[in-house]
Every structure is written in C-alpha cells, then in structure tokens.
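There are 2 protein chains.
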Amino acid sequence: MKQARLNIPAGSKVAFQGELGSFSHRASIKIFGSKNESIHCTSFEEVFEAVARKRAELAVIPIENTLAGSIYKNFDLLAHHSLEVIAETSLRVEHSLIVHKGIQLRRIKNIYSHPVALEQCTSLLRRLRGVEKNSYYDTAGSVKFIRDHGLKEAAAIASEEAARIYGMTVLKRGIEDDPENYTRFLALARRKRFSRGGEKTSIVFGLRNEAGILFKALSVFALRNIDLTKIESRPIRGTPWEYLFYLDLQIDVRSKECIHALRHLRELAPYLKVLGSYPVF
Amino acid sequence: MKQARLNIPAGSKVAFQGELGSFSHRASIKIFGSKNESIHCTSFEEVFEAVARKRAELAVIPIENTLAGSIYKNFDLLAHHSLEVIAETSLRVEHSLIVHKGIQLRRIKNIYSHPVALEQCTSLLRRLRGVEKNSYYDTAGSVKFIRDHGLKEAAAIASEEAARIYGMTVLKRGIEDDPENYTRFLALARRKRFSRGGEKTSIVFGLRNEAGILFKALSVFALRNIDLTKIESRPIRGTPWEYLFYLDLQIDVRSKECIHALRHLRELAPYLKVLGSYPVF
Chain A
0 MKQARLNIPA GSKVAFQGEL GSFSHRASIK IFGSKNESIH CTSFEEVFEA VARKRAELAV
60 IPIENTLAGS IYKNFDLLAH HSLEVIAETS LRVEHSLIVH KGIQLRRIKN IYSHPVALEQ
120 CTSLLRRLRG VEKNSYYDTA GSVKFIRDHG LKEAAAIASE EAARIYGMTV LKRGIEDDPE
180 NYTRFLALAR RKRFSRGGEK TSIVFGLRNE AGILFKALSV FALRNIDLTK IESRPIRGTP
240 WEYLFYLDLQ IDVRSKECIH ALRHLRELAP YLKVLGSYPV F
Chain B
0 MKQARLNIPA GSKVAFQGEL GSFSHRASIK IFGSKNESIH CTSFEEVFEA VARKRAELAV
60 IPIENTLAGS IYKNFDLLAH HSLEVIAETS LRVEHSLIVH KGIQLRRIKN IYSHPVALEQ
120 CTSLLRRLRG VEKNSYYDTA GSVKFIRDHG LKEAAAIASE EAARIYGMTV LKRGIEDDPE
180 NYTRFLALAR RKRFSRGGEK TSIVFGLRNE AGILFKALSV FALRNIDLTK IESRPIRGTP
240 WEYLFYLDLQ IDVRSKECIH ALRHLRELAP YLKVLGSYPV F
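Protein chains in written order, with numbering that gives the first Met the number 0: chain A, 0 to 280; chain B, 0 to 280.
Where hints are given, some of them may not hold.
Any copy will do: because identical chains look the same in the list, a pair fits if it lies in one copy or spans two.
Stated by the list, open to error - Here are the computed lysine to aspartate or glutamate pairs in the EDC-like style, where the Cα-Cα straight-line distance is at most 16 Å:
| id | residue 1 | residue 2 |
| --- | --- | --- |
| 1 | 229 | 160 |
| 2 | 272 | 179 |
| 3 | 229 | 241 |
| 4 | 72 | 118 |
| 5 | 191 | 160 |
| 6 | 100 | 152 |
| 7 | 229 | 209 |
| 8 | 215 | 131 |
| 9 | 53 | 36 |
| 10 | 215 | 159 |
Calculated from the structure, these hints are not laboratory results.
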C-alpha cells in the first residue's frame, strides 16, 4: 500500500506562492504533512529560485486547473530550471466570501482575490452591483491583507481554511460558478534528492522540424500501450513557430516499456528532459 | 497568383481589440486593406460579440505570439462562438518607446503598455531604474492615453505606426528583448459569408476518453500526409482532466485527403467543428 504522504525530514523548508491557507499551502500539507517551514513567495519565478538557490529544499506549484487550464508560466519554468518533479496531488477548489466579524453583505464595497478566483466567481460578483474587484497575487493573502489593513468594507475570496487561519468570518461558502473546479499541483526538489519513480512520468522535448513528427513522437508511447494523460505545447524562444512539448505519462520511468519508449523518442527529439517520475497523492 | 488581400465591400466594419495603430489594426489592414470602418473593442469577448451580434461584419484577433505563446482566451472563444476563420496573417512585432515631443528619457517616470509588451521589453525597463510600469489594455491605446491626458513624464510602448497616428515622438526603436517576435492573427466572419477554402484548415474536437486516443486522432492526418502546424489543448468545463484539441492543418478543407481525414476523425471524436479553411496573407 502506498504511504499517505512523502517522507521528508521534519522542519524542511517548502516554498510556494502565497500565504498560509493558500491552495498551494494546502497541497503542500497533503503531500508533505504540516511539520515544515513555509517559504512564502510572491511569484512562481521566486518559488523556483528559492529551491534552485537552496533557500528551500522543496516547492509546491499549481500546474493546471480544470476551468482555467494550464498554468503556462510554470511549464516554461519547468523547462528552464533543472528541478525535479517528485510528487503530484490535486485539490478541489472551493471559494468562500470572507469578511471581518459582524460585517454584512450589503456593507461590502471592495472584493480582493487572485484574478483567477475572481473569474471563477463571476455569477456572485455580477449580483453584487457597484462592488469593485481588486486583483491580489494570492487568495489567502487577500484575506490577510483586508485583516491587516482593517478594511471592514472589503471582502476576500479564498478557502475556508484561510478564514480560519486569519481569524476572519466566512459570509458565503461555495461561491464558485462551477463546482467541477480542481487544481493539480506538483512538488519539486533539486535533482537527485529523491529516488525517481512512481505511477506518473513527466517529460519535455523538442522535435526535428518535419512533417508528421509529433505523430511519430506519440507513437513511441502508443506502440507500447503507455497512456498519455496530458499534452501541452509552448513556443521555443528564438525559433518562431516551433514548440516544446510536455507530456504526462501514466507509467513509472523505471519500467522496461518506458525505458524503451524514451530511447525511441531520443531518435526523434534533439532535446529531451525527464522532468520527474513520481507518486500521486 | 494569390490576390494580395481578401475582397470585402468597402466600408465594412472590422472589430478588433485596441485602438488605431494597434497590432490587430495593422493585421486588419494587411488582410482587408484600409478602406474599412474600425470597431474598437476593449476585450476579446467584445470582439466576438460584435460580429456575432452584427455590430461588425468582420473581426481580427491575435491567436499566437512566438514569445508569449498561444492566446488561450481566443482559443476558448473560437470553440464557444460559431464564427468562421476566413484568413490568417502574421506580423513582426517591433516595439518603440513613445513620448510627447521634446521629452527626454531621463524625464520619464511612468511607462504604459499592454502587459505582454511590457514583458517583451524587460531589458530596457530594467535599465530604467525607478520608472513605474503600468498595464494598459492595448499598446496603441496607451499612446493615445498619455497624449489625451497630457502625461509628459510618461512613455508608452507601441508600434511606430501608433506614434505617427497620434502625433507623438519615437524616442527609441526596436526595444524588444528578442527580435524573433511575431504574432499570428486570424480574421473572422459569421458562418457562410465567405466561401470556405485555402491553404490552411483549423479544427477543434473532443475525444472519447480511452488510452492512445490522441495518437489515433493524429493518425488520421499522418496516414494521409497532412501536415500539422499547431496543436493546442484546453480544458473542457464540467469534465475535469478532459480536453478540447485544436489543430491547424496545412491543407484545403475541400481536398479529397482532408474530407477523408475528417470523416475518419469523426469516428473517434464525439465533437468536431471545422473552425475554417482559409488563405494566408
């Protein structure tokens, strides 16, 4: 049976974008448990840098949301940096409207949250006429912000957990437009810190520029019955209209099929990097 | 020989995001010529709505940039609306630093532009210490903004063309970090207004959820030597971890190979829509 979470030394430093109570923080607890030190970052670049420059041992980043789609910035950063993906998890994203204690809905003049969260609650926001929307870099951070500044006529959109952490009040629960709202997160570490392997493998590669080449690249997996759970493409800087492809494969990188498939792919792909092979929590 | 541009009645209304002199406006002139009426929109939703609700006959939208990647919002809108792609073009994106006449670099305290343009000029912006960056919805619009408000200590980042249109001065040319900066644009119309056909065909489809299905979908083109120039995937709302796939094919939809390939694809794809088949200018 698989362990409930990844074994790491107690007190490890985990970097993520946002404050305590952010969705990345919750994903971090799900993967690593809660006996760690949080390193709060304000951007994804900063999260990657924190691990690369050893300010943190580990990081957790969101990679995809079922409504908003891929978090493209993090795909670019995965190719650019040489960190290793060591685990994956996903969370149901439920948003709450959070205020100071005793504040009623009609007093609210401003709403703060991450732009994606604001966009995921449009049906509520449309009903609140005359209320101003304000972008903030983090959902939980927006709760902390209205608390620290004593903004009584403001509300924040974040998880219930964030309300609890910052001692604020949940005015409305489940305010997201669409309940099928999940975010997938990856845990990262510097290379060779963790043994490679698990039910999923993520790779990134660049192909020779010839007709049908992507089809050939996918054939190396299809021919070996290796299931593809995700494909993403991003532009290659300096080479207009050429792309890096990112694949998530439902297989352990140590399996014979995967070893053969990747050797086969190298014949077609001048650039190939295994981003990691990891368990899913 | 292909005509230089698409034939449309003089005085047609063309919707695009941004002001005169924006890159979308320049793409519109390249595809349709300059004897049209511009319908300026502040968002891509508004551009699609303008054509769908007959405020405009035509639209031009950016779909992909060689540095920033796909403009995902417009992929989503293409699937959501039932407009037809009737032409494609691409433009080299060159940015200029634009100011009021007689203003020198050291007087500038604020820079306005579209966030993507600001990100594409980071090496210049990093050298200008203490200058504040301000996001604006459009490059050319930011030139108009600093002119209309008489902001003498501000500069805008936009095309030279925008400086000319608004009677402003180019302080520096070619300020983008990477000269391999191109944007691809699509022209749109309501369905059946233009005869379908041209060197490219764009489609969007959803697949049954089974192992190796994307490989099979791509095989319908590879088996017929139809070249794929772009693949994009976006989440399907309400169905977590399933995707719509967008393909650009280097073929005329009226060709026998394409007709066979699409019939073959329908066996695998419960949802399939031809977004258009069109000439490239």
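### Query
From the Cα coordinates, with 16 Å as the cut-off, is the pair residue 215 and residue 159 best called within, between, both, or neither?
neither (47 Å within a copy, 44 Å between copies)
### Identical-chain pair category, residue 229 with residue 241, by Cα at 16 Å
between (19 Å within a copy, 9 Å between copies)
Are the CA atoms of residue 191 and residue 160 at most 16 Å apart within a copy, between copies, both, or neither?
neither (34 Å within a copy, 52 Å between copies)
One pair to classify: residue 100 and residue 152, alpha carbons no more than 16 Å apart. Within, between, both, or neither? For residue 100 and residue 152, the Cα distance is within 16 Å only inside one copy (11 Å; across copies 44 Å).
Between copies, within a copy, both or neither: which fits residue 229 and residue 160 at Cα up to 16 Å?
neither (30 Å within a copy, 41 Å between copies)
Quick one: residue 72 to residue 118, C-alpha cut-off 16 Å, is that within a copy, between copies, both, or neither? Close across copies (13 Å), not inside one copy (18 Å); limit 16 Å.
Check residue 215 against residue 131 for me: Cα-Cα at most 16 Å, and say if that holds within a copy, between copies, both or neither. neither (51 Å within a copy, 48 Å between copies)
### Message
If the cut is 16 Å between Cα atoms, do residue 272 and residue 179 qualify within a copy, between copies, both or neither?
### Response
neither (32 Å within a copy, 25 Å between copies)
**Up to 16 Å CA-CA - residue 209 versus residue 229, copy category** = between (23 Å within a copy, 13 Å between copies)
With 16 Å as the alpha-carbon cut-off, assign the pair residue 53 and residue 36 to within, between, both or neither.
Only inside one copy: residue 53 and residue 36 sit 14 Å apart there, 57 Å across copies, limit 16 Å.
In summary, the numbered hints that this structure violates are 1, 2, 5, 8, 10.
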